[in-house]
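Engineer: Protein sequence lines correspond, in order, to chains R and L. Position in the first sequence (first residue = 1) + 5 = the working numbering. Position in the second sequence (first residue = 1) + 5 = the working numbering.
Because the hints were derived from the structure by calculation, they are not lab data. Hints may contain errors.
Claimed, not checked - Keeping only pairs whose Cα atoms sit at most 30 Å apart, straight-line, the calculated DSS-like set for lysine-lysine is:
| # | chain 1 | residue 1 | chain 2 | residue 2 |
| --- | --- | --- | --- | --- |
| 1 | L | 74 | L | 107 |
| 2 | R | 14 | L | 47 |
| 3 | R | 19 | L | 47 |
| 4 | L | 117 | R | 14 |
| 5 | L | 73 | L | 63 |
| 6 | L | 63 | L | 47 |
| 7 | L | 47 | R | 76 |
| 8 | R | 62 | L | 63 |
| 9 | R | 62 | R | 76 |
| 10 | L | 74 | L | 117 |
| 11 | L | 63 | L | 74 |
| 12 | L | 117 | L | 54 |
| 13 | L | 73 | L | 54 |
| 14 | L | 54 | R | 14 |
| 15 | R | 62 | R | 14 |
| 16 | L | 107 | R | 76 |
| 17 | L | 63 | L | 117 |
| 18 | R | 62 | L | 107 |
| 19 | R | 62 | L | 117 |
| 20 | R | 75 | L | 47 |
| 21 | L | 54 | L | 107 |
| 22 | L | 107 | L | 73 |
| 23 | L | 107 | R | 14 |
| 24 | L | 107 | R | 75 |
| 25 | R | 19 | R | 62 |
| 26 | R | 75 | R | 14 |
| 27 | L | 73 | L | 117 |
| 28 | L | 73 | R | 76 |
If you want the building blocks of each chain, they are given just below.
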Amino acid sequence: NAGVTQTPKFRVLKTGQSMTLLCAQDMNHEYMYWYRQDPGMGLRLIHYSVGEGTTAKGEVPDGYNVSRLKKQNFLLGLESAAPSQTSVYFCASRPGAQLTGELFFGEGSRLTVL
Amino acid sequence: AQSVTQLDSHVSVSEGTPVLLRCNYSSSYSPSLFWYVQHPNKGLQLLLKYTSAATLVKGINGFEAEFKKSETSFHLTKPSAHMSDAAEYFCVVSERGSGTYKYIFGTGTRLKVLA
Chain R
6 NAGVTQTPKF
16 RVLKTGQSMT
26 LLCAQDMNHE
36 YMYWYRQDPG
46 MGLRLIHYSV
56 GEGTTAKGEV
66 PDGYNVSRLK
76 KQNFLLGLES
86 AAPSQTSVYF
96 CASRPGAQLT
106 GELFFGEGSR
116 LTVL
Chain L
6 AQSVTQLDSH
16 VSVSEGTPVL
26 LRCNYSSSYS
36 PSLFWYVQHP
46 NKGLQLLLKY
56 TSAATLVKGI
66 NGFEAEFKKS
76 ETSFHLTKPS
86 AHMSDAAEYF
96 CVVSERGSGT
106 YKYIFGTGTR
116 LKVLA
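Please work from the sequences and hints to get the whole structure.
Structural biologist: What follows is the structure, given as structure tokens:
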């Protein structure tokens, strides 16, 4: 039972390069989220999706794009990476209908932008 | 508007002594509240959740938390700390927003357990 899987786990980019982080969940969850974690700031929501083919902006969406072409996958893209995007990125998912549901997290993707 | 305040950024306890990690929240509605634990270089794992049933919630690994509406608090406790409890702990409040469920994270409390 894999749960939420993120790839890659580590990546180093140069300023201006692009990349995509992949999140895959095998729990048939409706909702998926991308967060970034920075020291002393907790987790901040970048983008989220409430179902296949839908995406929406979170708290800190600038510089990121997302897509959810398949229910099980949620992709986070950086078109032109900046040093300020150095962070640990977490994907999470939850069932749609459950009012009191918790988030299920992947193990994170550590991105360094030089 | 929702917010979460974790009152201590770092807590140190000796092995075998009680643990108290403090969390205060504000929410316009009846919230769901969670505690997550994050071990180094790992994802977040759910410890326990409050969902308007019993106010005293028991979680994994001997942790529990008490929801106190009058104090808007949801403090995490454990009677006896173990070395394996050393980690970062996040208090989270959730409520239904426009089109989704919003989760607001506290800034975390790093727990150190001394031998």
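Engineer: Taking the hints in turn, state whether each one holds.
Structural biologist: For each hint, the structure was consulted:
{"no.": "1", "hint": "L:74 to L:107", "verdict": "holds, 20 Å"}
{"no.": "2", "hint": "R:14 to L:47", "verdict": "holds, 11 Å"}
{"no.": "3", "hint": "R:19 to L:47", "verdict": "holds, 25 Å"}
{"no.": "4", "hint": "L:117 to R:14", "verdict": "holds, 26 Å"}
{"no.": "5", "hint": "L:73 to L:63", "verdict": "holds, 15 Å"}
{"no.": "6", "hint": "L:63 to L:47", "verdict": "holds, 23 Å"}
{"no.": "7", "hint": "L:47 to R:76", "verdict": "holds, 25 Å"}
{"no.": "8", "hint": "R:62 to L:63", "verdict": "violated, 34 Å"}
{"no.": "9", "hint": "R:62 to R:76", "verdict": "holds, 18 Å"}
{"no.": "10", "hint": "L:74 to L:117", "verdict": "holds, 29 Å"}
{"no.": "11", "hint": "L:63 to L:74", "verdict": "holds, 17 Å"}
{"no.": "12", "hint": "L:117 to L:54", "verdict": "holds, 23 Å"}
{"no.": "13", "hint": "L:73 to L:54", "verdict": "holds, 14 Å"}
{"no.": "14", "hint": "L:54 to R:14", "verdict": "holds, 28 Å"}
{"no.": "15", "hint": "R:62 to R:14", "verdict": "holds, 24 Å"}
{"no.": "16", "hint": "L:107 to R:76", "verdict": "holds, 20 Å"}
{"no.": "17", "hint": "L:63 to L:117", "verdict": "holds, 22 Å"}
{"no.": "18", "hint": "R:62 to L:107", "verdict": "holds, 12 Å"}
{"no.": "19", "hint": "R:62 to L:117", "verdict": "violated, 36 Å"}
{"no.": "20", "hint": "R:75 to L:47", "verdict": "holds, 26 Å"}
{"no.": "21", "hint": "L:54 to L:107", "verdict": "holds, 15 Å"}
{"no.": "22", "hint": "L:107 to L:73", "verdict": "holds, 21 Å"}
{"no.": "23", "hint": "L:107 to R:14", "verdict": "holds, 26 Å"}
{"no.": "24", "hint": "L:107 to R:75", "verdict": "holds, 22 Å"}
{"no.": "25", "hint": "R:19 to R:62", "verdict": "holds, 25 Å"}
{"no.": "26", "hint": "R:75 to R:14", "verdict": "holds, 21 Å"}
{"no.": "27", "hint": "L:73 to L:117", "verdict": "holds, 26 Å"}
{"no.": "28", "hint": "L:73 to R:76", "verdict": "violated, 38 Å"}
Hints 8, 19, 28 from the earlier list are contradicted by this structure; the remaining hints agree with it.
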